[in-house]
Amino acid sequence: MNGLLTISPSPHVHTDDSVRKIMYRVILALMPAFLWSVFVFGFDAVRVTLISVVACVGVEYLLQRFVLKVTPTLHDGSAALTGLLLAFNVPASLPWWIIILGAFFAIAIAKVSFGGLGANIFNPALAGRVFMLISFPVHMTSWPVGRGAAPDAVTAATPLGMLKEGLISGKPLSQIQGSLPDTTDLFLGTMGGSLGEISALLLLVGGIYLLVRKIITWHIPVSILVTILIYAGIFWLISPEKYMDPLFHLLAGGAILGAVFMATDMVTSPMNAKAQLIYGAGIGIITMTIRLFGAYPEGISFAILIMNAVTPLLNSVIKPKRFGGTPS
Amino acid sequence: MLKTFKLGGVHPPENKLSADAQIRELPLPAVVSIPMGQHIGAPATPLVKKGDKVKTGQLIGRASGFVSAHIHSSVSGTVTRVDQVPDASGYPRTGVVIKVEGDEWAEEIDRSPELVRACSLAGHEIVEKIQAAGIVGMGGATFPTHIKLVPPKGMKAGLLIINGVECEPWLTADNRLMVEKSREILVGTELLMKALGVEKACIGIEANKPEAILKMKEATVGFSGITVEVLKVKYPQGGEKQLIKAVTGREVPPGALPVAVGCVVSNVGTAFAVYEAVQKNKPLLERVVTVTGRDLKQPSNLKVRIGTSLMEVITYAGGLPEGTGKVISGGPMMGKAVASLEVPVTKGTSGVLLMPGEQSGRQPQLPCIRCSRCASACPMGLEPFLLMTLTQKSLWERVEKEKVLDCIECGSCSYSCPASRPLLDHIRYGKARVGQIVRSRKN
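From first to last, the protein sequence lines stand for chains A and B.
Numbered per my numbering, the first sequence spans residues 1 to 328.
Numbered per my numbering, the second sequence spans residues 1 to 443.
The following block holds chain A by itself, in its conformation from the complex:
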């Protein structure tokens, strides 16, 4: 001892968990689904993901270093995670320059301009995705064929896209159904879709890891998925000849990816269980409303962003139960 003792207020011990560990664990949880997308889409999946991650990390670094003139915070892993999630939400065939524009929007507009990590209102990856979807609708809805598709096919459609197109062109549901993948295909992930959204099974594996690691709680994913099941179930029970079954809605499209990985983003989701249940239900309702009645085949990105905007309100109105008191 050099004669000097450290003085600080209690507590004197700290969890060995950190922001960085949380970010890297979420990245780890995404790996099974990522490897599957490499298997299905081949090198394109690697290409899109690499560009997206490098662009997100690069944009954040350059802005912090040269515009904000602060110490860059790449080590927290949050920009890399945004890059990975952004890649998960786009077709594997997306041109490099659109990915970079999307990454720029996600990091520069949706994250850094709000004040950086922890201060953003909207999920950066989803903001970037919706920016690309609105700006480059053709590129963002051309889905590459994956392994197992017909050998002469160049592009595939997502199951939700096929459904929406079919219904708009006036085909009866029974006829469309014949061309849709069955439940097993949807669950395992052998249909067209965004890079990371296709395998419900492997996304759920990642989700279970996050639950076990206590990075997420069950409230948001379960609330979203149950709401989707109920909403789709009601319409299906009323007229099964017009609406697809609830399981289809659960497994097709981005419901699982959205519910497990996008809506659970800590920064942009509510902070207590009751508010999280309401937030999840809101996402489920908006998603299904867009899918069944909107112009877009898929609506979960919009639904999450809309509920992101409601989050501060939920946080200030819904309080946790206080010890010895009644919930206000």
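Careful, some of the hints might be misleading.
Unchecked claim - Looking from chain A toward chain B, a few residues come up when the C-beta cut is under 7 angstroms (computed):
1) L5
2) V13
3) T15
Think of the hints as simulated: they come from the structure by calculation, not from any bench.
Each residue gets a CB set at the ideal place from its N, CA and C atoms; glycine is no exception.
Dock chain B against the given chain A, drawing on the hints supplied.
Relative to the frame of chain A, chain B by itself:
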């Protein structure tokens, strides 16, 4: 399933290195420094002056005011000065410094080890003896025990809860006391029950102390109305409100006393001190202290005279390890880091924890990522992230409305924050400011 409290809580690594170390008696130090304020409330008034000869157990400080406690000499010898002395708070306090000469005890104290169970005293006489012995809560809060035993008018306790939880990591003093002095603790419990006029007592012990649970359960045979409740390990279960919730399922309302839900809580150390005071006429002049740390040679549980310096305690356990960066009086979650090893052991010192240098600092603080782990960890159902932000912005009305005064300063929020934010530092400040505002409103 084991009982526990519902809201929040954390589970830091337990590190109870000294759980099996038998209580040893620390040899008498050459000098003791006994602060007059070792309890919550007004400090005692010194009754001795420089040059006075004192005996072990002699009253040297008289309680001043309603919330206060007597102070006794822990040694025999000569008073060398009555002066400002350091204590764990870092502020100088009035204290009596005594040079130790022999070990001559006051005549009325029975020092034999025989267990004395029979007691013919009435309830109020027990309370008087407890008050005379200067007993305060020995779990760390140091609230004068005799006040707790006389509930405000119109209130009646139905259950005495004895706190054997010892939820602070590292500490094992209560554990050892339960293992080695189980019958004495139960007699003390019986006396407290009589003083309170209750028929039932429950001893809450966390499941990580199997030996203490076994010994206490064995000893309860022959004591009617006393049961042992094994609790799930969760910090801060030793908090009064959390323990009552765990044992009875009742929640003490904000600002109310435990007796509002019919409970009075006392620590096992306190129960033991009550036994010694009532049955052996021995005032509170020594206590069991855990001295421990990763690099300490011999993590120990020592019976230490009040006023002995931390240095003496550490030296007896193998000396201050090379590279020690922090010395904590108490446990790692709520203990106080001391600036000097001259700081004395007082009635509330449950342990001395030595932290290696590399674990003594804090991690750099990152922005809040709104993970809400602080809120999930808060045993009072508060939102620490919000209290911190509101405090930083000096929005005192909102800080008050968000129940900052309910905070028990257990540290679960700061402990669990992955961004290493000093939540409790800010909340303490907010609590102090709101406390001032509330008091000035009443005046």
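Check: If you check each hint against the structure, which ones fail?
Finding: No hint contradicted; all consistent.
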